[in-house]
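Q: Taking the hints into account, I'd like the entire structure generated from these sequences.
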Amino acid sequence: MSLLKSSFLSDRQWAIVASIFMMATSAMGPGFLTQTAVFTVKLGAAFGFAILISILIDYVVQQNIWRVVTLTQMRSSDIANKALPGSGYLLAFLVILGGFFFSIGNIAGAALGLNALFGLDTKWGGILSGALAILIFASRKATLAMDKSMIVLGLLKIILIIIVAAIVMPPMGEAIHQTFAPEQIDFAIITTIVGGTVGGYICYAGAHRLLDKGAVGPENIDEVAKAATKGIVVVGIMRYVLFLAFLGVVVSGANIDLASHDANPAAQAFQYAAGVFGYKLFGLIFWAAGISSTIGAAYTSVTFFSAFKKNITAKQSNYVTISFIALALLIYVILGATPAGLLIFVGGFNGLVLPIGLTIFVYVAACRKDMMNNYNYPKWLIVLGAATCLLTWWMGYMSFSAIFNYLTKL
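Position 281, counted from 1, in the sequence shown is what the working numbering calls 281; the numbers after and before it change by one each time, with no gaps.
If you're looking for bench data, these hints aren't it; they were derived computationally from the structure.
For clarity, every value in this text was computed on a predicted model and none was experimentally measured.
Take these hints with a grain of salt, some might be off.
To be verified - Between beta-carbon pairs, the in silico distance windows are:
{"#": "1", "residue 1": "Asn255", "residue 2": "Gln184", "range": "32 to 42 Å"}
{"#": "2", "residue 1": "Trp124", "residue 2": "Cys367", "range": "46 to 56 Å"}
{"#": "3", "residue 1": "Met172", "residue 2": "Arg368", "range": "37 to 47 Å"}
{"#": "4", "residue 1": "Ser401", "residue 2": "Ala181", "range": "19 to 29 Å"}
To be verified - Below, in silico cross-link-like pairs of lysine to any residue (SDA-like), each with a Cα-Cα straight-line distance of 25 Å or less:
{"#": "5", "residue 1": "Lys309", "residue 2": "His208"}
{"#": "6", "residue 1": "Lys42", "residue 2": "Leu391"}
{"#": "7", "residue 1": "Lys309", "residue 2": "Leu97"}
{"#": "8", "residue 1": "Lys230", "residue 2": "Gly253"}
We put the beta carbon where it would ideally sit given N, CA and C, even for glycine.
A: The structure is reproduced here in structure tokens:
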């Protein structure tokens, strides 16, 4: 019995560590890298405030969603349907739609990576990357190899970001000052950053992973809460370091192209700081992150199909995931928007979706103790959750048109 318990704890702890690492690397995927580069060019040091607000929102969102999933021991769409009949179908639809846009954006990110590596046109880069994502997903061995390589590339990305930040020597005093007292605030930008890092399927993926590994019930809530906190701290630090790296490049006078169709603002910043080698290495990392994020977004989004078809088999799920990626690739080719514009838009769209799911979860936390085994949910977290709901709804209202304009402005 003790041996089985020890093995269970080991699996559970590994799942939590893996969730933290996935959060840290996926939160700095092609979308966030591009968004940070573009918005730092636009706002300068004032973008630090957007980073700070996004981290605070992310903390409240993850703490509430991870806790409610752990305590109810149910998937998100099932939680919503039980709390407010029918709302789970709406949540599933929006998460699937948001994940679909994420997949389109991640194909665009992979295309930008190939453009940086080989100068390949982004349309053809997207076609090759989307096709490869389908082949990798269809092959179990290839998927395992991709998972292992992404750990290495994720660490390389973090190291490269730190090196660039050290080389460019950003104005720390100005950055810190405007992080807390910004000269300008753009709520569309904050909504986009939040959506790209915790919106849509992302905020549910880690919680569902813990659910699958059995880290559920009141007895595990403290460990889950600590895991969510550690994940946000790690991600928050890396986001701010990335912002500092781009800020150092911007204030040094680098000319970052935001207008051309194949513009890759993030790669340009790394080229300025680390030369051709840094540019090519970043292109490789960007491409790999785009491929893995395309697969991850599609796979996680398809898990929400269970809201509509309870007994979906693994084989059917695989077919749907492949079709999901193929359709995203087709839309990417037809749409013809700039890859950078797509990567920014998908974050904004998922930022608009976020308050809907968060409102349902805060309602469960505040009013449905019966679904959580009568657990005494922390009142401070309910208050923060309610305040965050109001804030995200208001930001969504204020930035709705600006977010859809990203498709045409970039």
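Q: Check each numbered hint from earlier against the structure, then list the numbers of those it violates in ascending order.
A: Per hint list: 1 and 8 violated.
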